[in-house]
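Enquirer: Given next are the chains, with one letter for each unit.
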Amino acid sequence: MKSEELRRLTIKSFAVGGLCAVLALVAWFWLRGQPQDGGIPWALRQVHELNGRLWSKVFSHDRTPPTLGAAAGTKPRVNGLLGLEKPIDQRLWRLQVFAEDKLVQTLPLSGLKLLPLTNTATQFYCIEGWSTRFSYSGVKFSDFMKAFGLATTYRYVGLETPDHLYYVSIDMDSMMHPMTLLALEMNERPLSTENGAPLRLIIPVKYGIKSLKRIGAIRFSNTRPPDYWAERGYDWYSGL
Amino acid sequence: MTTASQPKHRRATRWFHWTNFPLLGLMIWSGILIYWANDIYGIDAGDYTLKLFPQSWFTALGADHRLAEGMSWHFFLQWFFVLNGMAYVAYTVFSGEWRQLAPRRGTLRDAWLVVLHDLHLRKEAPVQGKYNGAQRIAYSMIILFGVLSTLTGYAIFKPVQLFWLRELFGGYDTARLIHFWLTLGYVVFFVLHLAQVARAGWNNFRAMVSGYEI
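Chains as they are written, first to last, in the numbering used here: chain A, 1 to 240; chain B, 1 to 214.
Keep in mind the hints are simulated off the structure, nothing from the lab.
Glycine included, every Cβ here is placed at the ideal spot set by N, Cα and C.
Careful: at least some of the hints might be erroneous.
[As the list claims (entries may be wrong)] Pair ranges (Cβ atoms, derived):
id, chain 1, residue 1, chain 2, residue 2, range
1, A, S110, B, G42, 47 to 53 Å
2, B, D47, A, G111, 53 to 59 Å
3, A, Q34, B, G25, 18 to 24 Å
4, B, G46, A, F29, 45 to 51 Å
5, A, Q34, B, A125, 48 to 54 Å
6, B, I28, A, D101, 42 to 48 Å
7, B, V89, A, V78, 42 to 48 Å
8, B, L83, A, P87, 50 to 56 Å
Throw the hints in and build the complete structure from the sequences for me.
Expert: If you want it as structure tokens, here you go:
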């Protein structure tokens, strides 16, 4: 190749390269400037949702987190007190169950304790990147559904604290996983206030943000109930 | 005047390379935003622990309290990073380019001689093809890093569904640690790569953009 030709080719390649770099920068700023959906640019939310849809297809009740080696008796890490700040009278506590905004059940704790109890242990993952192990017991969510004749055909389950300050929503399939429990105990002890007494969710196939403490209401719906962290930039699915 | 210029890097290779550069950079950046939320890694030296990424660095980079943002970019960009990487590997295998790249017998010795030569401890550089021994090792290793980053990444992204991958890397915490160290590996590679490119000069750099060198 003649040097004149090489010179032309070099200029052309650098021009194409520079143009692509500019286009990449434009794409970057354009993406960041897109309308927000739950605290992040719309396109990023769409990809979170796409990833969630793909992984929910793979999801299986046969796959579980490690169930052995729970350090029984160690204190579970308390990572937040959202929705727990006001004291409640546990004797007056009732679990309310709604189906599409219609109240279908009101249960005292004694009503739940009549159901078969399940005791298991798990590795439990936090969205911050750490994990912990504990044993826990309570009522399998699937047993709860069966006992009260609740329809598992709803797409979503919403849970919220009595003061409505913390709320999550979860796909029905993950809720029906055999390790998803309405928990009454952790490490063989009744739940402490910070750990969500009198009743909390433990769903180890999701990040800990979904395991709502001090459940006040459970809500079944085909439209996705609000989710505290999904409104603040996090992935709604948050499945593991 | 006629100069004997010849093709060096193929067009596809150059596109894959320059696409990967900003993608990997942004993966590292969003990874830092995620790492902030549980920045536990350090090297123990007696009573003192050297934090691998101290809080002052997060503050300087403005990278604290941005976990949600970091995750959303990381899981968005990973698609492009992984697809570009897979396309590159497939191309390199099927085009036969891997022969110029993969280490072979004598590569380790050559690489050592290249290092000695680069440090001005030895006069002659060993005979080489497109890449010298040190490049064969470094560039093959960085591809392996990419594969491992992807696998450890998925192991910590879906530790329950991909339990076999999680266990392959010795559990969740170990997989996360490997994922982190690989990232440090990219940073070291980048510094050395940049120094070598600067040293090799214009002709070499132009070949990575235009494809031709003299």
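Enquirer: Would you mind marking each hint as holding or not holding in the structure?
Expert: Each hint, compared with the structure:
no., hint, result
1, A:S110 / B:G42: 47 to 53 Å, "holds (50 Å)"
2, B:D47 / A:G111: 53 to 59 Å, "holds (55 Å)"
3, A:Q34 / B:G25: 18 to 24 Å, "holds (21 Å)"
4, B:G46 / A:F29: 45 to 51 Å, "holds (47 Å)"
5, A:Q34 / B:A125: 48 to 54 Å, "holds (51 Å)"
6, B:I28 / A:D101: 42 to 48 Å, "holds (46 Å)"
7, B:V89 / A:V78: 42 to 48 Å, "holds (45 Å)"
8, B:L83 / A:P87: 50 to 56 Å, "holds (53 Å)"
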